[in-house]
Amino acid sequence: MNTIQLECFVTVAEHLNFSRASEVLKITQPAVSHQIQTLEEELDVKLFRRTSKSVALTPEGIQFLPDAELILKTAYSAKERLGKHEHLISFEVGCHNHLELNLLPPVFHKLCEEFPLLRPSIRMVPFPSLLGMVENQKMHAAFGIKEGQKKSSLYFKELSSAPIACVCSPGHPLARYDTLTQDRLSGNIIACSPRHIPSPLFSIQSRILPHHAPEQYYFAENIESALTLVKAGLGYTLYFDVPPAREPGLHYIPITDLPSLPFGVFYRYDNDHPVMKRFLNLCSI
Numbered sequence: 283m284n285t286i287q288l289e290c291f292v293t294v295a296e297h298l299n300f301s302r303a304s305e306v307l308k309i310t311q312p313a314v315s316h317q318i319q320t321l322e323e324e325l326d327v328k329l330f331r332r333t334s335k336s337v338a339l340t341p342e343g344i345q346f347l348p349d350a351e352l353i354l355k356t357a358y359s360a361k362e363r364l365g366k367h368e369h370l371i372s373f374e375v376g377c378h379n380h381l382e383l384n385l386l387p388p389v390f391h392k393l394c395e396e397f398p399l400l401r402p403s404i405r406m407v408p409f410p411s412l413l414g415m416v417e418n419q420k421m422h423a424a425f426g427i428k429e430g431q432k433k434s435s436l437y438f439k440e441l442s443s444a445p446i447a448c449v450c451s452p453g454h455p456l457a458r459y460d461t462l463t464q465d466r467l468s469g470n471i472i473a474c475s476p477r478h479i480p481s482p483l484f485s486i487q488s489r490i491l492p493h494h495a496p497e498q499y500y501f502a503e504n505i506e507s508a509l510t511l512v513k514a515g516l517g518y519t520l521y522f523d524v525p526p527a528r529e530p531g532l533h534y535i536p537i538t539d540l541p542s543l544p545f546g547v548f549y550r551y552d553n554d555h556p557v558m559k560r561f562l563n564l565c566s567i
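At the far end of the sequence shown sits residue 567, using our numbering, and the numbering has no gaps.
Heads up, some of the hints might be wrong.
[As the list claims (entries may be wrong)] Each computed DSSO-like pair below joins lysine-lysine, with the alpha-carbon atoms no more than 27 Å apart: (1) K428 <-> K439; (2) K420 <-> K361; (3) K392 <-> K420; (4) K328 <-> K355; (5) K392 <-> K513; (6) K308 <-> K392; (7) K559 <-> K428; (8) K328 <-> K439; (9) K439 <-> K392; (10) K355 <-> K559; (11) K439 <-> K420; (12) K559 <-> K513; (13) K439 <-> K513; (14) K335 <-> K361; (15) K420 <-> K559; (16) K335 <-> K355; (17) K328 <-> K392; (18) K392 <-> K355.
Calculated from the structure, these hints are not laboratory results. Note that the structure is predicted; figures quoted are calculated from it, not measured.
My request is simple: use the sequences and hints to build the entire structure.
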């Protein structure tokens with residue numbers, strides 16, 4: 283396995299088009315196909331499904347993509363450090379969605395002021411995979427909800443006890459309330475896929491759905507899609523409320539008869555990264 287193979291794989295995965303990948307990489311399309319073929323032979327899996335009309339990642343290709351990106355990033359970072367003769371400090375944080383991304387700009391700004399050689403990066407990963415990447419040392423820390431029923435070898439620093447909120451547009455009938463209870467929720471509900479919300483929130487969502495007529499359901503793949511439908515005035519959704527991560531322009535109304543969820547940062551117990559302690563302090567909400 284070499285960086286040329288990985289560059290070809292990542293570029294094709296990004297564009298899902300071998301011709302466009304060859305233009306970006308400035309090599310011929312047959313050369314791109316050859317690199318993908320040799321990589322597939324080495325890994326003994328098919329990474330792409332190709333037809334005359336489309337290119338798609340296989341499940342194995344989706345699984346391999348984060349590893350390929352990490353290998354390339356490590357190689358480029360090592361080359362940069364050796365070329366500049368500097369001891370740059372990499373620090374990677376995982377997020378599930380763009381709401382968690384909203385927490386990072388002031389933290390990274392302050393960290394880079396205090397550690398000029400710091401090179402922070404962010405990875406967006408679906409819910410089931412993120413904490414495993416922290417455990418396997420593929421990233422340094424990740425935001426998330428602590429789920430009491432799951433055992434983990436990771437440390438968890440709680441940043442907020444986040445109430446479950448009804449999230450709606452300013453013009454929604456529920457927006458006039460300061461607080462709500464479950465029995466006062468009314469109108470269309472926008473539900474999220476269980477892959478992209480914490481298990482406790484999905485359980486609450488599943489209990490509330492049956493109290494709505496089938497024609498009042500909307501289903502969204504992730505919280506970003508759900509909030510887009512909320513902004514369109516199509517209904518409300520349920521999500522845990524961390525004020526600095528709120529989507530601007532929407533109303534977050536706490537549901538008082540639902541439990542709050544512990545939101546915070548996961549990291550390995552043996553992580554001795556030079557900026558970890560300061561990162562955790564700056565994340566305090």
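Quiz item: Which numbered hints are broken by the structure, listed smallest first?
Solution: 5, 6, 8, 12, 13, 14, 16, 17
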